[in-house]
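> Since each chain sits alone in its own frame, please combine them into the complex, following the hints.
So the chains spell out like this:
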Amino acid sequence: MSQFKELTLQGLWKNNPGLVQLLGLCPLLAVTATVTNALGLGAATLLVLLGSNIAVSLVRNHVASEIRIPVFVLIIASLVTAVQLLMNAYTYDLYLSLGIFIPLIVTNCAIIGRAEAFASKNPVLPSAIDAIMMGLGFMLVLLVLGAMREVLGQGTLFDGADLLLGDWAKALRVEVFHADNHFLLAMLPPGAFLGMGLLIALKNVIDNKLKQRQAVEKGSIARARVTGAAQ
Amino acid sequence: MSFKIASSPHQHNQRSTAHIMRLVALACLPGIAVQAVLFGYGVLIQLVLAIVTAWISEALVLKLRGKAVLPRLKDNSALLTAVLLAIAIPPYAPWWIIVIGTAFAIIMVKQLYGGLGNNLFNPAMAAYVLLLVSFPLQMTQWLPPLSLQSVDLTPLDAVCSIFTHYSCSGFSLSQLQASIDGITMATPLDTLRTDLGRGLTLDESLNRPVFFAFAGTGWLWVNLAYLAGGLLLIQQKVISWRIPLAVIGSLFVLSAIATLAAPDTIAGPLFHLFSGGTMLAAFFIATDPVSASTTNKGRLVYGALIGLLVFLIRNFGGYPDAYAFAVLLANMAVPLIDYYTRPRTYGHRPRSELK
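Sequence order for the protein chains is H and G.
Under the numbering used here, the first sequence has 4 at position 4, and the numbering climbs by one with no breaks.
Under the numbering used here, the second sequence has 97 at position 97, and the numbering climbs by one with no breaks.
None of these hints come from the bench; they were simulated from the model.
Source: prediction; values computed, not measured.
Beta carbons: idealized from backbone N, C-alpha and C, even for Gly.
Wrong hints could be hidden among the right ones.
[Said to hold, decoys possible] Across the chosen pairs, the derived CB separations fall in these ranges:
| # | chain 1 | residue 1 | chain 2 | residue 2 | range |
| --- | --- | --- | --- | --- | --- |
| 1 | G | I56 | H | R213 | 26 to 34 Å |
| 2 | G | V69 | H | V205 | 17 to 25 Å |
| 3 | G | P136 | H | D207 | 36 to 44 Å |
One chain only, chain G, in its complex shape (with noise of 0.2 Å):
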């Protein structure tokens, strides 16, 4: 008879990481369906290559490091960082823009320093940061919802203008970004950063047909999708509830105090909280367990870290969207913030008392 000694916490749900990536993994599909529905199919064919890429990297690497290569594939975590990495990218960029993403993931920030796990870094956000940061056009090539696109793009074309860089009927992306009037569109987040700098104030920019409601045309249904599913995701109890909540909690308080102090230049809660990845951001990716906080105190002070660099990023910094380095900048706080939240060991004193 032997006895299995296992460390703590010993008392736990019997779910395994293959089993908690795919539910988040399948938490992300009310998400996709929206952002294909309304911006087109592109999204789906960036999911099938940054998939395959990931798992042929995967593989590689493990069979290099003379790992089981089946057991790490099959634990999912490759398949969610390339869906998170797919999703976040425009989804008219060419293929190789996703292929080189998702291999840097998984290659340089994921293996290298040691597999599922060990990373210190959101494989996803670093991959996108690198693409952000070395290919501004193509990442930055956002078309605008169907519904406002003058030409119509069948699933055919995604196709054509990931592969070709030209949809099948010959049209450049930077066609298809042009609306109906001939005017070049961008995310609600560009736009309104390009007019904010152009001296128009909020109101102004906001009746531009990319702004719907309180946020913009399409993002508002894709983020509420995304929302969805993150909530479906803290009643599993696949993720706290801490992070998600620290992170809207804080870009929700900051940007109603900044909209009342400064109403024609910042806009209000809803609009950030509806706009960009906000919501993928705070449920999907900011709660990756590995390069997260752990302690639950520390959960709150890493989301509201993310929260406050969303928001000064996007109000006052260079890039009109701010997740991937803000989860970055956070994930470098995490061994900071773990090591100050770190919880009271049962039966002992609190550190306080003890001076």
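Excised from the complex, chain H in its bound form (with noise of 0.2 Å):
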């Protein structure tokens, strides 16, 4: 049960593929312009890296070393199709808006981060729990980036999540403000690297806070750090 919560925490906050590992970034950045192509993708992402996860778990002994990330990286291009395929057939509108940014799941790091590190490592249990609690993680960042976005760049939230969700999803549709002008830089690819260094800034703002309670509940004496940055 233990292993359970370490790899909870591990996935969603201390070692979040999003904000701490910095994998996967190139879809991180680029479909992040609305809250449902964020959904959308960060599925995908969940899906894909699951079924990677078991399956590099279950030929983990029968895979010879020496030609591991081959392997590895058919088993999660296969993977990559099926759900291209899956979602070709039943959210055919995200599927064109996600675009090239579903093949290229095959090379999100992230994916084959874990199958390497974890998966190939682990028993499969382990590995599941892992996959879902980091693909967890790296919706979430996606969905709160791009909800910043969407805010921003057009005022609404949920906007076009019947693509995705079919059509009761109308009604998620908020319009947090109507603006006139569209602030387009928050929609182009700078503003996702701009709000995703703040939610980096951010979380290492709140690590910091929670160092700071644990030490003085702790008691301990700070060590002053007089050489690099303590992150």
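Here you go:
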């Protein structure tokens, strides 16, 4: 149980693929212009990650370590193809709006990274939990960034959610404020970089606050660092 | 008795940052005055908005960073950034344009990189690019000079149209842009660009009322005023002559060659030098001591690079004027330029002889 808790904490916060490992930045920055796109890509990545971690963990003792990377890539690529076909079949409009970034999940370093660093060394159940948590962590970052950019850029949330979730989701659309002039920068790639930087800064601030509070509770004397940054 | 240890250079004049920044801002005054007289009082309101926003954002960030607020505010660097941005944007742009721009310049471009002296990019120009990319419509609504306007604009009209998007007598900006005969007017650079795109030759385009002598009506005087202010700065040794000379020189040479090669489609050097933001950029923006190159040879390269980029973008690129983009791109090249133009250390041989 403690392992489960540790994996959750690692995936969602301490070792978050988006904010800490900075893996998969290409889709992270490219498709987060709206919450719907972010949710779609996050879900696709989560599915692929789950499948690849389970598969890699199952074959980990049968694959010679010299050829493990090509094997992992083959597994991931076939899973991505499956997800791509699924999205093409059931969420066609979203499939069009995500475009090239669905096949590009193959190259998402977060997935091969988890396969190499975790799934190839651990049994199936922990690997699956790790995949879910890492996937959720990645998806959360995508969602927060997508929400930031969508609100700033066009003043709405969940615009076009029906593309992903079906017609009932049209009710989800929230108009936060009405803007005649869209803040285009938030929708363009530079806005993604700025938003990402701000999110990482926010995480570091929270971490520092937590660390300080822990230090105070323990009553230990904080050692002053004179060289290098604390992070 | 204590010995003060300071880093080089040990011999310098006794001007403080605040003093230099104030001199640069003061040298903008002739240009601002001409702009206000010829193009209406919008620029003055933008200046006030920009300066207030800059001070508030600077104070806010310094407070958050736990630094002393007043000494930094007094160094006038935020003031200068605000002044440069306010001059650069269209004078009748809505108030939130300048507020967003100035706040971005100070908070994101300057303070997040570590404050004055640490920013990679020129804050005013980075903010200008942000605004141009985000709000292309508002950032291109330049009014023609007062002498060509069909409606008389009072100072009160400037206040009205900046804060409510309509002048007090109810004209919108696009109506104000129209000249007496109802044709929408743009800046000279923009007009020329559109005309050339429509297949007119240079001479045919230059007959329009927005052009005067060899440059644009009004813009010629604005540029001359900034040229005067800039020469004053060089005379006072506030800025080095190298960057302005290199910017103007490279733009002059390139456009001279190009206009000889294609006299019908590329305007001559004088037109380029006295249109748009050339003089303002060459003397006031490219010479920013923080983001520009710091070696003597490097300054020439840096200035020439800006001139080259402006020439290319104006004649072959997607925008009518290009100083913001040119300055930012040259800012990126500065570390490389500085690395390859390091001066010989005193007492050492030049690097070429060492091999």
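> Indicate, hint by hint, whether the structure satisfies it.
Hint check results:
no.	hint	result
1	I56(G) to R213(H): 26 to 34 Å	31 Å, holds
2	V69(G) to V205(H): 17 to 25 Å	20 Å, holds
3	P136(G) to D207(H): 36 to 44 Å	39 Å, holds
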